[in-house]
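Number of protein chains: 2
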Amino acid sequence: MKVTPWEVEGSIDYDKLIKEFGVQRLDNKLFERLKKHTKTLHPMLSRGIVFVHRDLDFALKEYESGKNLFLYTGRSPSGPIHIGHVFGWEFTRWLQEKLDLELWFQFPDEEKFLFKENLSYETAQKYLKENMLDIIALGFNPKKTHFIIDTKHASLMYSEAVKVAKKITFSMVKSSFGLNDSTNIGAIFYTSMQAVPAFLPSIINNKKLVCLIPHGVDQDPHFRLTRDILPKLGYYKPASIQWMMIPPLQGVQGKMQSHNSDAAIFLSDTPEQVKKKINKYAFSGGQATIEEHRKKGGNPEIDVSYQYLKAFFEPDNEKLKKIHDDYKSGKLLTGELKQILIDKINKFLKEHQERRRKAEKELDKFIFKM
Amino acid sequence: MKVTPWEVEGSIDYDKLIKEFGVQRLDNKLFERLKKHTKTLHPMLSRGIVFVHRDLDFALKEYESGKNLFLYTGRSPSGPIHIGHVFGWEFTRWLQEKLDLELWFQFPDEEKFLFKENLSYETAQKYLKENMLDIIALGFNPKKTHFIIDTKHASLMYSEAVKVAKKITFSMVKSSFGLNDSTNIGAIFYTSMQAVPAFLPSIINNKKLVCLIPHGVDQDPHFRLTRDILPKLGYYKPASIQWMMIPPLQGVQGKMQSHNSDAAIFLSDTPEQVKKKINKYAFSGGQATIEEHRKKGGNPEIDVSYQYLKAFFEPDNEKLKKIHDDYKSGKLLTGELKQILIDKINKFLKEHQERRRKAEKELDKFIFKM
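So the protein sequences, as listed, match chains A and Y. To convert, note that position 51 of the first sequence is 71 in our numbering; the numbers rise steadily by one, no gaps. To convert, note that position 290 of the second sequence is 310 in our numbering; the numbers rise steadily by one, no gaps.
Do not take every clue at face value.
Calculated lysine-lysine pairs in the BS3-like style (CA-CA distance at most 27 Å, straight line) [unchecked claim]:
(1) Y:Lys172 with A:Lys227
(2) Y:Lys385 with A:Lys132
(3) A:Lys146 with Y:Lys228
(4) Y:Lys146 with A:Lys252
(5) Y:Lys163 with Y:Lys59
(6) Y:Lys252 with A:Lys136
(7) Y:Lys257 with Y:Lys164
(8) A:Lys172 with Y:Lys59
(9) Y:Lys132 with A:Lys149
(10) Y:Lys187 with A:Lys132
(11) A:Lys385 with Y:Lys172
(12) A:Lys136 with Y:Lys257
(13) Y:Lys389 with A:Lys385
(14) Y:Lys59 with A:Lys194
(15) A:Lys146 with Y:Lys146
(16) A:Lys252 with Y:Lys172
(17) Y:Lys227 with A:Lys146
(18) A:Lys194 with Y:Lys132
(19) A:Lys172 with Y:Lys385
(20) A:Lys228 with Y:Lys146
(21) Y:Lys136 with A:Lys187
(22) Y:Lys385 with A:Lys389
(23) Y:Lys257 with Y:Lys187
(24) Y:Lys172 with A:Lys389
(25) Y:Lys252 with A:Lys172
(26) Y:Lys385 with A:Lys187
(27) Y:Lys194 with Y:Lys132
Every beta carbon over 10 Å from chain A, so not counted as near; a handful from chain Y, in silico [said to hold, decoys possible]:
(28) Ala157
(29) Val182
(30) Gly317
(31) Ile362
Since the hints were made in silico from the structure, they are not lab data. We put the beta carbon where it would ideally sit given N, CA and C, even for glycine.
Start from the sequences and build out the full structure, keeping to the hints where you can.
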């Protein structure tokens, strides 16, 4: 397996990853503490999709003692948004709503341009705009959500990024990210820019705040480095709460990626496209023939359709359990399971696409005013 | 000898440097072509202080065919301005005036912070302001001179710098600047920011312009790299016209540096400080005793006072020749030579300090409006 901020390959052994990265599993004690404020537990928490953290206990302590807490997450534009992205952002939106927190949403519009040989600057800029509209349509609070765009807000960010950069040597990024002498110098510098939103709100509010970063586990190497540096600049280490990688349609390996359009369901897909992609590509845990399936049953653990329902599309625990058990027993066929998912996704996309049409005129409210 | 943008050490063999760097000596043909526009020849040209170039002929051709030319120079703030800086800027001011050109004056206020372990960001910011006032007082045209400050103008510059950075690998900056794995990632990225003013005016004016960079020869490694990259981004290679390093008071080695206050005369020095520094520290080409000096004569080539007169403070060729010959013959004593320089410097500083007091209210005119 390979897990870096730019590549996720192979079947991920999460127990091994937890040890390697040095993150903590979320446990019932933390769930109870969180529930004091959120009342309910998001299904992504109870089902172990959001599964590890760093210093969440410290972040909650600061929250409890005076709301000295803000959220920070991000999106590096390089292609269209797919449903794999939505899971984590829906969780982030839920956290923002339940804890009533400011959310800083970074758009590092130079990142993928620097890391992908063939991505042009213009293409990244096109997707910057497209992605912002999709994210607005997910329902973040316009009064408490601040978009910061690396190139547009560079007059605010670059001076802070160089303070971070002075504390990071090339050796450190080599070992953290697997860079080498052939890496371009923009990519080498980049992690400094990703560190900035973890303390920029402390500068803007002139108050030492704690940052909680909801993010996919593949981004952990950035923030591990950020956690080493920030105390040297007089800020708290950022805390984090992290989710698993959402598998591509073809199977529970790697993560869903925008550049492989067969493996991803985009937020702009039509009902027909969704139906076709799920039926054609979604990896099945079922048996080769109906007879065999009825007899032996399917395996929900490797079935992508079931995994999507579990991660996001079937929030009702009882309904999910019934689907699980029926599929495992052979009562529910693969085609029927896929149809459940297709209906759920198409309902979600219909509503999303309506909200997105109205998002354009909200854009200005979301972009942070320097 | 060692000549990099951050360190100049030892006695500089300029013939060797010309070969190593691959720059061209200025010759009479270029002087004649330049004189068609400037009418006179600046003493720094005729005396060989401004001594090498890259593509100056191409820059003049573009100038002649439609003024598609602008100037770019810079100052990285880390300490007070000393007279060693003034020589090159006076030449730059002269070029701007005679050719009636726009001048982009970059203040990379992050550079020295990134390259000097002990320089704080706040100190660099303090000198940024101080240095801008001194540069204004040198008499640049406020209507045609644009200050761009890396951190303040980052929203304009960073997006362009990443396009440069994508074309430069760590290997390239390692060999160009002698960086290594212990170098911080901000310093590694920095050369991309220094490249930006060489093409930013082409973007702002929406017209492909040629950039001519008057600069000290120690900065050549930056612009050699810039010249390799810019054509790949659709711009012309920047041309340059370069001057020698101004020696410190203690002798004709290295360059005058702000952090050694005994070795430099600052623009804020009083007449008494100037007198004391020259008399006490200026390396003399004279003999040990008056008797011996009268008999053997002095050596103007290694005498720092004579070199300062030659570089800047005695523009009159005939007067300079008389000083040279009298010193060489032993007629002019070291104390007398030093007194000539002291008077010249103090006259210059008196006028400069008066202009500088009025510079503060000019500042806003010089800073480029984004």
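Results for each hint:
1. Y:Lys172 with A:Lys227: 23 Å, holds
2. Y:Lys385 with A:Lys132: Since the Cα atoms of Y:Lys385 and A:Lys132 sit roughly 38 Å apart, the hinted pair is violated (cutoff 27 Å).
3. A:Lys146 with Y:Lys228: 25 Å, holds
4. Y:Lys146 with A:Lys252: 22 Å, holds
5. Y:Lys163 with Y:Lys59: 23 Å, holds
6. Y:Lys252 with A:Lys136: 17 Å, holds
7. Y:Lys257 with Y:Lys164: OK: Y:Lys257 and Y:Lys164 at ~22 Å, within 27 Å.
8. A:Lys172 with Y:Lys59: 45 Å, violated
9. Y:Lys132 with A:Lys149: It is violated: about 36 Å lies between the C-alpha atoms, which goes past 27 Å.
10. Y:Lys187 with A:Lys132: 14 Å, holds
11. A:Lys385 with Y:Lys172: Holds - the C-alpha atoms of Y:Lys172 and A:Lys385 are around 24 Å apart, at most 27 Å.
12. A:Lys136 with Y:Lys257: 26 Å, holds
13. Y:Lys389 with A:Lys385: 25 Å, holds
14. Y:Lys59 with A:Lys194: Given pair Y:Lys59, A:Lys194 is violated - Cα atoms ~55 Å apart, limit 27 Å.
15. A:Lys146 with Y:Lys146: The hint is violated at about 39 Å.
16. A:Lys252 with Y:Lys172: 24 Å, holds
17. Y:Lys227 with A:Lys146: Roughly 24 Å between the alpha carbons, so the hint for Y:Lys227 and A:Lys146 holds.
18. A:Lys194 with Y:Lys132: 24 Å, holds
19. A:Lys172 with Y:Lys385: Given that 27 Å is the threshold and the Cα spacing comes to 24 Å, the pair holds.
20. A:Lys228 with Y:Lys146: 25 Å, holds
21. Y:Lys136 with A:Lys187: 12 Å, holds
22. Y:Lys385 with A:Lys389: Holds - the C-alpha atoms of A:Lys389 and Y:Lys385 are around 25 Å apart, at most 27 Å.
23. Y:Lys257 with Y:Lys187: 15 Å, holds
24. Y:Lys172 with A:Lys389: 15 Å, holds
25. Y:Lys252 with A:Lys172: 24 Å, holds
26. Y:Lys385 with A:Lys187: 36 Å, violated
27. Y:Lys194 with Y:Lys132: 18 Å, holds
28. Ala157: 26 Å, holds
29. Val182: 4 Å, violated
30. Gly317: 52 Å, holds
31. Ile362: 41 Å, holds
Comparing the model with each earlier hint shows violations of hints 2, 8, 9, 14, 15, 26 and 29; every other hint is respected.
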